[in-house]
Structure formats: structure tokens, C-alpha cells
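Engineer: All chains, full assembly: derive it from the sequences and hints.
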Amino acid sequence: MIRWLLLLLAGALLGGIVHLATVMALPRTATQDAYSRLSANAPVNTVVTLPMPTPDKAVMPLMDPAFISAVCRYDLSKGPLKLTVPVGPVYTSVSFYTRFDVAYYAINDRAAGRRIIELDLMTPEQHNEMPEQEDVTAADRLIVESPTPTGLIALRTLAPEPGLMPMARAALAGARCEQQDLAKMTRDQ
Amino acid sequence: MRLLLGTLFAFVVAALVGLGTTYFALSRGAAFGALTIGSWTAWPKSGTEDADPYARATIARTGQLPMALGDGVSFSALTDDKGKILDGRCTVVVSGVTPAARYWTLTLYNAGGELVANSVGRYGFTSEEILRNADGSFAITVAPRANPGNWLPSGGIERYSLVLRFYDTAIGVATRASREVPMPSIKTRSCA
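Residue numbers (the working numbering), protein chains in the order written: chain Z, 1 to 189; chain D, 190 to 381.
Just so you know, these hints were derived from the structure itself, not from any lab. Do not take every clue at face value.
Said to hold, decoys possible - For lysine-lysine, the following DSBU-like pairs were computed, each having C-alpha atoms within a straight-line distance of at most 30 Å:
| hint | chain 1 | residue 1 | chain 2 | residue 2 |
| --- | --- | --- | --- | --- |
| 1 | D | Lys234 | Z | Lys82 |
| 2 | D | Lys234 | Z | Lys57 |
| 3 | D | Lys376 | D | Lys271 |
| 4 | D | Lys234 | D | Lys376 |
| 5 | D | Lys273 | D | Lys234 |
Structural biologist: Structure follows, in C-alpha cells:
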């Protein structure tokens with residue numbers, strides 16, 4: 001009897017390890033996570049406007065139907081990225097996600113303080129390679145460091161009422177994410 | 190033989206306990222740092238780089254992109270203030286005021302996080318669309334049939350969730366439930 005109880009205890013302890021291991025391993029093995037879902041239709045380093053979510057079809061669950069969304073699936077292995085997002089009618093935000101869909105940075109139109117959100121995305125290594133420029137202040141040039149070489153940028157702009165949807169869509173249609181030549185960027189400065 | 194049987198028994202227990210708790214934790218959407226106000230719950234930390242392993246696993250499993258904290262905070266409710274499951278066949282009133290934010294949106298989803306089909310194609314409200322009372326408060330009626338005022342169709346589905354998203358808000362990881370974060374109440378009025 002005691003033997004079986006001990007075995008039960010050992011099994012439960014081992015179960016705890018199994019639990020932790022599966023939770024930790026899940027993001028790396030998931031095939032239906034947002035990044036994988038978007039990979040099929042979003043080419044690398046290009047802004048793709050996502051179709052509006054409808055009851056029958058949505059790219060991802062829990063999308064906000066009041067927003068026009070676009071994504072840029074990025075790969076920084078060949079150089080940093082320059083992101084330009086024209087601001088929509090009322091509210092526009094840019095959120096950065098790692099390959100495993102963890103949000104590491106976000107900025108909105110008011111924080112950017114302009115009619116256009118402009119920033120450079122690079123890996124910490126690429127950032128280190130850039131020469132320090134004292135006359136280029138952080139406000140002039142927003143640099144975001146990506147913790148993973150690949151990931152997602154979600155661009156979202158609010159249409160506060162359905163009539164403003166075309167305006168919001170037009171704003172996002174002008175968004176660009178383009179690969180930069182690191183050597184050229186350094187030369188230009 | 191006894192040793193083999195015993196080891197097998199321990200492994201079966203381990204698999205059941207381990208996978209069972211993982212499934213249970215993730216289907217409940219467990220993560221640390223939940224901010225609960227009334228029947229609304231948000232996980233502000235899940236929208237940051239500090240998201241814990243449970244939040245990360247939940248995000249990967251559901252396939253959603255979590256709302257980044259710099260963008261805003263997303264509150265969800267599965268029950269009314271009395272703990273009754275939100276039922277699409279009932280008339281449910283969401284009323285009150287919201288915490289300070291530049292914009293907010295309220296959206297109705299089914300259990301799978303999909304929008305719910307209805308005759309008028311309305312899936313939610315934004316803070317700009319809503320009709321308000323003189324004091325700035327509002328009431329949204331979630332019901333299967335048309336209602337005067339702010340009517341959000343429930344599509345008559347058995348259970349749904351309401352998601353209230355605040356954009357550009359001061360609510361964050363350090364926010365505690367208090368008078369500074371007044372969330373609207375959710376009350377079930379009648380059931381068809």
C-alpha cells in the first residue's frame with residue numbers, strides 16, 4: 001500500500017516537471033500561433049493589409065473590428081529595416097512582436113508626435129555597429145532594437161465609425177517597411 | 190515484474206498530472222499579474238516583454254497577437270457581475286463609465302474568439318459611436334433582438350465574451366483595482 005502511495009507521489013512530482021516542460025516548450029512548437037498563421041500570406045519585409053475580421057473568417061482570433069490592421073513580417077538578418085507609417089484619421093499604433101508573438105515595444109501616433117511614424121528597426125548587434133552621432137538625438141531618429149532577428153510588426157489604425165474605414169485603409173496603404181543597407185546608412189550619416 | 194508495473198504506474202500518473210494541468214491552465218488562460226475589476230480581467234503584463242511562460246503559452250495556443258501595453262489594455266468578461274455566464278439569449282446591460290483613455294472599443298466574441306454573425310453586421314462599439322447620457326455615462330444593451338439606444342446583437346449564441354479595449358491609456362502593470370479605474374457594470378436583465 002505504502003509502495004503504491006510512494007509511486008503515486010513520485011508520479012505527481014514527475015507530472016509537475018512534465019507540466020512546466022510542456023508550458024515552456026509550447027511557444028516553440030505551436031504551429032497555429034499568430035506568426036505561423038501570418039507567414040502563409042505575408043511575405044518578408046513587406047507591409048500586408050489584413051482583411052477585416054468577419055464572423056466567417058479572421059486571420060487571427062480576437063481581432064478588433066474597429067481597426068484596419070496590417071502586418072510586416074520582418075527578417076533583419078540581411079540588414080536593418082526602415083518603417084514608415086502615415087497616421088490615420090484618429091489613432092494609429094505600431095506594435096512590435098518577437099518570433100514567438102511576445103510584444104516588446106509599441107508606439108502610437110501621439111507619442112510619435114508627427115503625421116507620420118518613422119523608425120528604424122535593428123538587432124542589438126546592428127545598433128552597436130552604427131557610429132555614434134552626437135547631433136542625431138533620439139527624438140530625431142527613433143531606433144527600436146529587436147530581441148529576435150525575425151518577428152512581426154502590427155500596424156493598426158482606428159476607424160471610430162464605419163464611415164471612416166476608407167480613410168483608415170488609405171492611411172495604412174501608404175505604410176512601408178523596407179530593408180536598409182547598413183553600410184549605406186552609416187555612410188550617409 | 191512489480192518494479193515494471195510500479196514504474197509504468199508512476200509514468201502514467203506523471204503524464205496525466207502533467208498534461209492535465211497544462212491543458213487546464215491554458216484553457217483557463219492562466220497567467221500571473223491579472224488585474225480584475227468587477228467581472229473584467231486584464232493581463233497588462235502579457236503585452237510586454239516580461240510576459241510569463243503561461244501568458245506566452247496561452248498566446249501561442251490561441252494564435253492571437255496580444256495587445257502591446259504601449260498600445261493599450263484589453264479587458265475581457267465571461268460573466269456578469271453576479272458570476273452568471275454571459276448568455277446570448279438574455280438581455281444584458283453594460284453600463285457606467287470607463288477609465289481615462291483616448292479611445293475604447295467594446296467587442297463581442299464567441300468562445301473561440303470569433304465575431305458573431307448578426308443581421309445588422311454590428312460586432313461592437315467604439316467610444317465615438319456610443320450614445321451617452323447627459324453625465325457622460327452610457328448603457329449598451331446586449332440582446333438577441335433589436336433594442337433602442339446602443340444595441341449590441343448577441344446573435345442568440347449560448348455563451349459569449351465581451352472585450353473592452355482601452356487605447357492610449359495610463360492603465361498599466363502597476364494599476365490596482367481602485368476608484369481611478371471605474372469599469373462598467375454588467376447586469377443580466379431577463380432571459381428569453
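Engineer: Tell me, in ascending order, the numbers of any earlier hints that this structure violates.
Structural biologist: none
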